[in-house]
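All chains, full assembly: derive it from the sequences and hints.
If you read the sequences in order, they're chains P and Y. So in the working numbering the end of the first sequence lands on 347, straight run, no missing numbers. So in the working numbering the end of the second sequence lands on 306, straight run, no missing numbers.
It is possible that some hints are incorrect.
Stated by the list, open to error - Coverage of chain P stretches by chain Y, computed from C-beta distances (three or more under 8 Å per stretch; other residues unrestricted):
| # | stretch |
| --- | --- |
| 1 | 187–201 |
| 2 | 247–259 |
To be verified - Quick list of in silico lysine to any residue cross-link-like pairs, SDA-like style, CA-CA up to 20 Å:
| # | chain 1 | residue 1 | chain 2 | residue 2 |
| --- | --- | --- | --- | --- |
| 3 | P | 223 | Y | 89 |
| 4 | P | 7 | Y | 272 |
| 5 | P | 6 | Y | 76 |
| 6 | Y | 173 | P | 255 |
| 7 | P | 206 | Y | 86 |
| 8 | P | 264 | P | 298 |
| 9 | Y | 266 | P | 258 |
| 10 | P | 260 | Y | 171 |
| 11 | P | 206 | P | 246 |
| 12 | P | 260 | Y | 76 |
| 13 | Y | 291 | P | 237 |
| 14 | P | 260 | Y | 272 |
| 15 | Y | 170 | P | 255 |
| 16 | Y | 291 | P | 226 |
| 17 | P | 335 | P | 287 |
None of these hints come from the bench; they were simulated from the model. C-beta: ideal position from N, C-alpha, C; glycine also.
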Amino acid sequence: MKIRKKYLVIFALISIIFTLEIFFRTFTFEQLKVNAYPMIYEFDSLNYYRYKPNSTGLISKPSIQKTVVINNEGYYGPAFSKEKLAGKFRIIVVGTSNAGGIWLHGSKSFPIVLQEIFNRHSQNVEVITCAIDGINRNWETIKAIRSKIVQYAPDLILLEGNFPLNFDHRTRECYRGYLMEYSTDSRQTRQYCIDRIDALNTTLKPLTWLYDISYTMRAACKYVIDRPESFQGEYVEYARIYREKNVASAMLYYTLSHKREMKEIADLNLALTEQAIKLIFLNYHEPVFEDELRALSIPTITLDIPEADSLAHEHDAHFNASAHQLIAERLYLKLESFIPNKIKQL
Amino acid sequence: MMARQRRLLFFLITLCVLVILFIEYLNLQGTPSFTVAHYPGSLQMNCNIDAAWQTISSDTLSTITFGSEFVESSNDLLCTFKQMWNDEALCLLVTVHDDRIFKPTKIDSAYQWLNEWDTDNVTLFFRRKSTDGGGEIVQKRFICGVHGTEDATDDGTRYQLIIDADKYTLEIALPWSVLSIDPRKDPVYFDIQVTDHDKYEMPDVVASRETNLGLSNYSSDAWKSVDHYAKMILSVAEQ
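Structure below.
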């Protein structure tokens with residue numbers, strides 16, 4: 002009788018574990034899959050970080066699974082020549098993650114679709130993407146236009162209308178399969194990231210092993226991580242780092258006053274105009290500072306893309322393939338007046 | 068066969084216990100408590116109680132909830148506080164040692180994009196007893212420069228914020244009526260958060276806070292949940 006009871010307990014426990022595993026693997030497979038961050042970042046003395054030219058990396062997170070290939074110039078997108086071919090009208094799309102499409106499940110970001118549309122219409126237009134993902138980088142983007150992007154001799158720069166212009170001296174570095182984001186304002190921030198990754202690879206290894214094999218463990222971690230109001234502390238942070246494969250130190254962020262940001266944009270536009278480069282601000286949803294930019298002779302293109310769930314990934318807020326397709330189609334029509342007739346008539 | 072099953076059972080139970088212990092560990096980080104001395108007299112809410120403070124020992128706000136990487140020394144950021152109570156009010160004396168004090172006179176267009184919580188400030192959080200018996204959060208923020216001389220707020224709270232070269236001192240008398248708490252009956256839960264803002268000398272650029280000190284072992288977001296507040300133990304009044 003005693004033995005039968007033991008069997009029952011064992012059977013019940015095993016059944017519960019297996020049922021939970023089957024349940025989580027069936028219904029939450031995508032949300033609970035093991036994440037991977039692409040190991041494509043390196044320090045950049047000018048803009049704090051950049052993509053390593055000709056590198057590849059794997060992105061794996063809910064809704065997104067792909068291999069990222071960085072081109073010869075250090076951007077996510079098709080390779081391009083630094084020198085512009087004679088007769089080509091060169092458009093460079095500048096911005097952060099949505100402009101680059103790095104966090105798009107698939108490869109057809111809107112600059113690529115836009116290129117296809119121009120090709121279909123036999124127009125001698127080249128669309129290049131020069132975007133680097135990350136938050137608080139709007140000021141870095143402006144700096145990058147001045148220092149790097151003008152070297153590619155664009156005829157037109159389409160700049161995402163991201164305001165305010167901010168920065169945070171954040172650099173990104175890859176270390177033992179994790180992405181570290183730390184502030185160059187403090188020497189201790191890098192060590193903070195390294196210490197956490199080292200702990201995950203040594204003392205916390207049994208827990209990470211359990212996380213890898215068990216969806217029940219992953220579900221428990223997700224439950225804890227998603228409820229910061231109830232669960233906080235060092236181990237929750239470790240769980241989050243392991244799940245995201247990303248560790249970020251405390252960060253200082255800075256914002257330019259509106260007066261200063263408008264002055265910087267005016268100065269940039271002046272410098273670009275001298276080099277016969279047209280600057281256009283691109284807004285996906287609503288116009289931002291349209292009147293003030295018009296006063297500086299800077300046009301804006303607003304695409305009125307609805308902020309709908311159907312245009313974002315299910316588990317990630319970045320634009321999905323449908324949104325990129327819609328952006329490209331609308332952008333093509335809006336750009337018509339900015340493309341010289343001799344290019345259109347080819 | 069039996070031995071193998073026993074081992075399996077042992078493994079499963081150990082696994083369950085470990086998971087439970089891990090989850091409990093996350094929750095059992097302990098609620099700090101502070102004993103608050105009773106002030107044997109009628110407190111006039113004019114913050115003029117300096118002699119009384121000398122008899123009270125101070126506590127240190129030692130937990131860095133955000134930005135420990137930016138603390139260079141104790142001159143950079145160190146906070147001590149004292150508390151007293153009587154039937155009228157709860158009084159606090161908060162001293163913050165800070166070698167670089169940011170003191171805007173007001174948060175206006177000159178500091179566009181500057182968040183109040185990104186300044187050099189002391190923010191107090193209390194759990195106010197609501198009519199349905201639950202708790203809601205009362206927040207009082209005192210910003211260097213913006214809040215200066217002795218003043219009375221709308222709800223009867225009195226304070227004085229004095230800024231010296233390398234420290235600032237906040238003295239506050241908070242009526243119990245503001246908290247809807249009867250100090251002789253109700254438990255008092257609170258949090259003190261001190262923010263350090265050092266990067267303020269760039270023209271037309273506003274920086275975020277560097278460091279945050281708090282009472283609990285949790286993050287600077289601990290104030291959102293009264294579960295993470297510290298408990299005040301009000302010492303019984305001397306008869």
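How the hints compare with the structure:
1. Counting residues of the stretch 187–201 of chain P whose beta carbon lies closer than 8 Å to any beta carbon of chain Y gives 4, which meets the minimum of three for the stated coverage.
2. Given as covered by chain Y, the stretch 247–259 of chain P passes the check, having 10 residues with a CB less than 8 Å from a CB of that chain where 3 are the minimum.
3. Under the criterion of a C-alpha separation no larger than 20 Å, the hint pairing residue 223 (chain P) with residue 89 (chain Y) is consistent with the structure, at around 14 Å.
4. Our distance criterion of 20 Å between C-alpha atoms is broken by residue 7 (chain P) and residue 272 (chain Y), whose separation comes to about 69 Å.
5. Taken as a hint, the residue 6 (chain P) and residue 76 (chain Y) pair is honoured in the structure, with Cα atoms around 12 Å apart against an allowance of 20 Å.
6. Taken as a hint, the residue 173 (chain Y) and residue 255 (chain P) pair is honoured in the structure, with Cα atoms around 19 Å apart against an allowance of 20 Å.
7. For the proposed pair residue 206 (chain P) and residue 86 (chain Y), the alpha carbon gap of about 15 Å is at most 20 Å, so the pair holds.
8. In summary, the hint linking residue 264 (chain P) to residue 298 (chain P) is supported, as the alpha carbons are separated by about 13 Å, within the 20 Å threshold.
9. Restraint check for residue 266 (chain Y) and residue 258 (chain P): satisfied, since their Cα atoms lie roughly 15 Å apart, inside the 20 Å limit.
10. Annotation: proposed proximity of residue 260 (chain P) to residue 171 (chain Y) holds, straight-line Cα distance about 18 Å (limit 20 Å).
11. A distance of roughly 14 Å separates the Cα atoms of residue 206 (chain P) and residue 246 (chain P); the hinted pair therefore holds under the 20 Å criterion.
12. Distance restraint check for residue 260 (chain P) and residue 76 (chain Y): the Cα-Cα separation of roughly 69 Å exceeds the 20 Å cut-off, and the hinted pair is therefore not satisfied.
13. Restraint check for residue 291 (chain Y) and residue 237 (chain P): satisfied, since their Cα atoms lie roughly 17 Å apart, inside the 20 Å limit.
14. Pair hint residue 260 (chain P) plus residue 272 (chain Y) holds up; C-alpha atoms about 10 Å apart against a cutoff of 20 Å.
15. Restraint check for residue 170 (chain Y) and residue 255 (chain P): the C-alpha separation of about 18 Å stays at or below 20 Å, so the hint holds.
16. For a cut-off of 20 Å, the pair hint linking residue 291 (chain Y) to residue 226 (chain P) stands: about 16 Å separates their Cα positions.
17. Pair hint residue 335 (chain P) plus residue 287 (chain P) holds up; C-alpha atoms about 15 Å apart against a cutoff of 20 Å.
Of the hints listed earlier, those the structure fails to meet are numbers 4 and 12, in rising order.
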